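Peer 1: Single-letter residue listing:
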Amino acid sequence: MPIQLHRIDDRLVHGQVVVGWGQPLDIRFLILVDDAVASSDWEKDLYRMAVPPEMEIHFFDVATAIREHARFAADPRPGILLTGDIDSMQRLVTGVTAIGSVNLGGIHHRAGRSQFRRYVYLTPDEEAALHRLEASGIEVTAQDVPAARAVPLSEMLAEKETR
Amino acid sequence: MTTAVKPMPRVPMLVKVTLYLRLLAVQGSWNYESLMGTGIGFTMEPALRLLPGGRGGAQYRSALARQSRYFNAHPYLAGIAVGALVRAELDGEDPARIERFRTALAGPLGSVGDRLVWASWLPFCSLIALGVYGSGGSAFAVVGTFLLLYNAGHLLLRAWGLRLGFRRGLAVSSGLGNPVLRQGPQYIGSAAALIAGTTLPMALGRIVGPGRAVAGGVIVASLIGILVLARFREHAEGWRIALGVMSLFVLYSVVR
Amino acid sequence: MSLLDALPLALLGALLGLDVVSFPQAMVSRPIVASTLAGAFIGNAGAGLLMGAVLELIALDTLPFGASRYPEWGSAAVVGGALNAMQEPGMGGALPTSLLAALLTASVSGWSMVVLRKAIGSQLAGVRDDIEDGSRRALVSLHLTGMSLDLLRGALVTLTAMLILGPLVHAIVAVWGTEAGLSRSVVVVSASIVAGGALWKVFHSVPRVLWFFVGGLVISLGVMVLR
Numbered sequence: 001m002p003i004q005l006h007r008i009d010d011r012l013v014h015g016q017v018v019v020g021w022g023q024p025l026d027i028r029f030l031i032l033v034d035d036a037v038a039s040s041d042w043e044k045d046l047y048r049m050a051v052p053p054e055m056e057i058h059f060f061d062v063a064t065a066i067r068e069h070a071r072f073a074a075d076p077r078p079g080i081l082l083t084g085d086i087d088s089m090q091r092l093v094t095g096v097t098a099i100g101s102v103n104l105g106g107i108h109h110r111a112g113r114s115q116f117r118r119y120v121y122l123t124p125d126e127e128a129a130l131h132r133l134e135a136s137g138i139e140v141t142a143q144d145v146p147a148a149r150a151v152p153l154s155e156m157l158a159e160k161e162t163r
Numbered sequence: 001m002t003t004a005v006k007p008m009p010r011v012p013m014l015v016k017v018t019l020y021l022r023l024l025a026v027q028g029s030w031n032y033e034s035l036m037g038t039g040i041g042f043t044m045e046p047a048l049r050l051l052p053g054g055r056g057g058a059q060y061r062s063a064l065a066r067q068s069r070y071f072n073a074h075p076y077l078a079g080i081a082v083g084a085l086v087r088a089e090l091d092g093e094d095p096a097r098i099e100r101f102r103t104a105l106a107g108p109l110g111s112v113g114d115r116l117v118w119a120s121w122l123p124f125c126s127l128i129a130l131g132v133y134g135s136g137g138s139a140f141a142v143v144g145t146f147l148l149l150y151n152a153g154h155l156l157l158r159a160w161g162l163r164l165g166f167r168r169g170l171a172v173s174s175g176l177g178n179p180v181l182r183q184g185p186q187y188i189g190s191a192a193a194l195i196a197g198t199t200l201p202m203a204l205g206r207i208v209g210p211g212r213a214v215a216g217g218v219i220v221a222s223l224i225g226i227l228v229l230a231r232f233r234e235h236a237e238g239w240r241i242a243l244g245v246m247s248l249f250v251l252y253s254v255v256r
Numbered sequence: 001m002s003l004l005d006a007l008p009l010a011l012l013g014a015l016l017g018l019d020v021v022s023f024p025q026a027m028v029s030r031p032i033v034a035s036t037l038a039g040a041f042i043g044n045a046g047a048g049l050l051m052g053a054v055l056e057l058i059a060l061d062t063l064p065f066g067a068s069r070y071p072e073w074g075s076a077a078v079v080g081g082a083l084n085a086m087q088e089p090g091m092g093g094a095l096p097t098s099l100l101a102a103l104l105t106a107s108v109s110g111w112s113m114v115v116l117r118k119a120i121g122s123q124l125a126g127v128r129d130d131i132e133d134g135s136r137r138a139l140v141s142l143h144l145t146g147m148s149l150d151l152l153r154g155a156l157v158t159l160t161a162m163l164i165l166g167p168l169v170h171a172i173v174a175v176w177g178t179e180a181g182l183s184r185s186v187v188v189v190s191a192s193i194v195a196g197g198a199l200w201k202v203f204h205s206v207p208r209v210l211w212f213f214v215g216g217l218v219i220s221l222g223v224m225v226l227r
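Sequence lines, in order, name chains L, E and C. Residue numbers are given in the numbering used here: position 90 of the first sequence equals residue 90, and the series is strictly consecutive. Residue numbers are given in the numbering used here: position 187 of the second sequence equals residue 187, and the series is strictly consecutive. Residue numbers are given in the numbering used here: position 10 of the third sequence equals residue 10, and the series is strictly consecutive.
Derived from the structure by calculation, the hints contain no laboratory data. Values in this document were obtained by computation on a predicted structure and should not be read as measured data. Glycine residues also receive a C-beta, built at the ideal position from the N, C-alpha and C atoms. Check before you lean on any hint, since a few could be wrong.
[Said to hold, decoys possible] Only some residues are given here: those of chain E computed to face chain C with a beta carbon under 10 Å:
| # | residue |
| --- | --- |
| 1 | N31 |
| 2 | R69 |
| 3 | I188 |
| 4 | I224 |
Could you build all of it, start to finish, from the sequences and the hints given here?
Peer 2: Rendered as structure tokens:
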């Protein structure tokens, strides 16, 4: 079974991921791809506490995640791959051609960002990065929880309003 | 993160009580920009007055600004963050370190709390209340049982979190390994399944009303519906289905 | 229903709507509590409790993750409980019609929470510089404004729902054409499907969960036989 979701979410492991997606999709492992977290023991300790005992969590920097992706994609159990920002996901998909779609799960307010959805705020540079991602053949949609509609990138950027 | 052991800063009991009471309103200014952030600042504010310079001093102002930025967590476990961050500020930790800690703490507190409370304790208590209802309990008994049971867990969890955070400070992550937080949801889930089997038939029987046994058709229709809903569980929103069914049924009952 | 009759219910809806997220989240806003209180308010706690039990089954499906959009059950349960309690006894359409009113209110009220959160966000944008400067006054004022607006939100939702849906429910119940037993059965089937699906969604990964459930059913049957 392929990895169920490649998600960009600046909160990384939180309730929407573990319970919202994790329970209905029977997620059995998370792959957290973040250069800073992968090199920080105390942060890894914190995120280990965030997942239930029946769920595995693996930490990689982007370069290692590119090498390891195929192994996890071949895992029969359902899993979710998370990055905390667009840049990490972009570098990942550049190295892994098997990734066909990317989910925007949460990119929150920061100075210079404008609002596109309740849970998506982007700078013009980030907008451009998402365009490039889509232009490279990746389907990009915004969706916070499974029961919500997956909103295509073009629709989200065109609306630019708080839904 | 290295965690140098520093003596516990002295925080007057009145301030601790105020923190706890403010914690009950931690989501009062929840919004899509800072999420729970401003609520965290609001909750911590009385403790920040203890910083050198007091209320309005430079340290107080920079700490209040820092703590009011973007943050999110489960509201009942937000006390862990509040306690730990108060401790870090009073210990005079490096602001950059506090901010990095704050960012990393948010997701885990949300995940652990959502699993333990929204996806375990709350449905468990609901099922118990429905059980009291199904066994013929009065309105007072049903409401009283639910509120007492649920809030025993709720209020204790908030108090425990605040205390844990304050005691451990930036080393609080080990506290999240507490067996109640790790294994609790699974045990509560087993108990909830048992309670569901015991109480739901009785509760449904009482809703159908006296003198009318739950007809076989009702049971079969319910079971088929549950199987279908379980099949599409990741996409189905039950309340929307109920809204659609009731709209059609009301329309049918009016025009027939 | 007159404005004067609806005002006390609006106050109850406001307080219970506030409990959902802002303060104190003691789950006084859960349907089984809120609806029963509303029924008691009208003088028929039993009818409120009945609606509360039905709505509680449906609300099992709602996991209120902070940032996602979900129905708001506090004010909705006040509306459902009050409307069911206000109908003449023995009217077959009372429960299904009041339930529909409650579900509609929950949906609108969930949307009103999104509006409130945006309004607080706009308020924050206006005082962000002050808060970044460590202004206690700006922060406390934002927080208290948020809670006051939430209180107002719950009151307005409840009041509007009672004034619009109250007469509608009354009119529909008067011309109801389905037999009372069947009406109840449709409600029970709908609520039990939602509850069953919700519990399965949440607990299906618990080891041996079906055995625990079946064990519960056996106990339940035993109790019924012994009664």
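Peer 1: Please go over all the hints and tell whether each is borne out by the structure.
Peer 2: Tested hints:
Here the hint on E/N31 is kept, as its CB sits about 4 Å from the closest CB of chain C, short of 10 Å. At a threshold of 10 Å, the smallest CB-CB gap from E/R69 to chain C is about 8 Å, leaving the interface hint in force. Checking E/I188 against chain C: minimum C-beta separation of about 9 Å stays under 10 Å; hint holds. For E/I224, the shortest C-beta to C-beta distance to chain C is roughly 8 Å, which falls under 10 Å, so the interface hint holds.
When held up to the earlier numbered hints, the structure conflicts with none and fits them all.
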